[in-house]
Amino acid sequence: MTDHDITEHDKGPRDDRWYLNIMAPNTKGETFAWLDPTSIYINQRAFTDLLDDLMADLEGVDYDVVAGLDAMGFVLGAALAARSGVGFLPIRKAGKLCVDTDKVSFGNYSGRTQEMEMRLPAFAPGTRVLLADQWVETGGTMDGAIRLVERQKGVVAGMVAVAIEENARTVAYREAYPCVSAVVPGSRWQEECNAQTLSSFEIYEPERAFPV
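Numbers given in the numbering used here equal positions in the sequence shown, counted from 1, plus 22.
The set of hints was computed from the structure by calculation and includes no laboratory data.
Hints should not be assumed to be uniformly reliable.
Calculated lysine-lysine pairs in the DSS-like style (CA-CA distance at most 30 Å, straight line) [unchecked claim]: (1) K125 x K175; (2) K50 x K118; (3) K175 x K118; (4) K125 x K115; (5) K175 x K115.
I would like the entire structure built from these sequences, with the hints used as guidance.
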């Protein structure tokens, strides 16, 4: 894990992960996600602190490969795979891969039905796969990824995301698998994410996410 000076942005208690404050609110209406977490990736210190926190909470979780969900799970998944010293497996939207694939339908956060695919074969039976996505809202996309992994006789080793909103499906995920998120269950961040509005939106400034 990278050792760096965090005195400028003390991460403090687990309820106060400073980098979550720079996530951007939706300015384009209901057809888009309610926020944009990618501000965290632009700022090197924020991205590093996010990865540090996730890696710390992944300690003790055994996985052979990280599978990132198309598209924003690629950023987080690839970074965590590199940190972990394991490979990265992209799970794509259907119709993108030029090799043999397995395909499933799933319902995304907007309620639309889509298809995703994974190369076939992607790994040996028994391979432990950590699923990574940027944000888990309804859990529908994760459900599709779980089915793809298990149909190739892989083992879902856990899930990781910036946030996992709480609903019946995602609570069941936490009961069934190790689930790691920067937004910690029981924190005020979790409460605000469940309500799909952040108090930090009131003071949001795009400049806070600029590269440093």
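Take a quick look at whether K125 and K175 sit within 30 Å of each other, Cα to Cα. 15 Å, holds
Does the structure keep K175 and K115 at a Cα separation of 30 Å or less? Satisfied, since the Cα-Cα distance of roughly 21 Å is no more than 30 Å.
Straight-line alpha-carbon gap K125 to K115, limit 30 Å: Satisfied, since the Cα-Cα distance of roughly 9 Å is no more than 30 Å.
Is K175 within 30 Å of K118, Cα to Cα? Cα-Cα ~23 Å, so holds.
For the pair supplied as a hint, K50 and K118, confirm whether the alpha-carbon distance does not exceed 30 Å. Roughly 27 Å between the alpha carbons, so the hint for K50 and K118 holds.
Every hint, counting from the list given before, is met by this structure.
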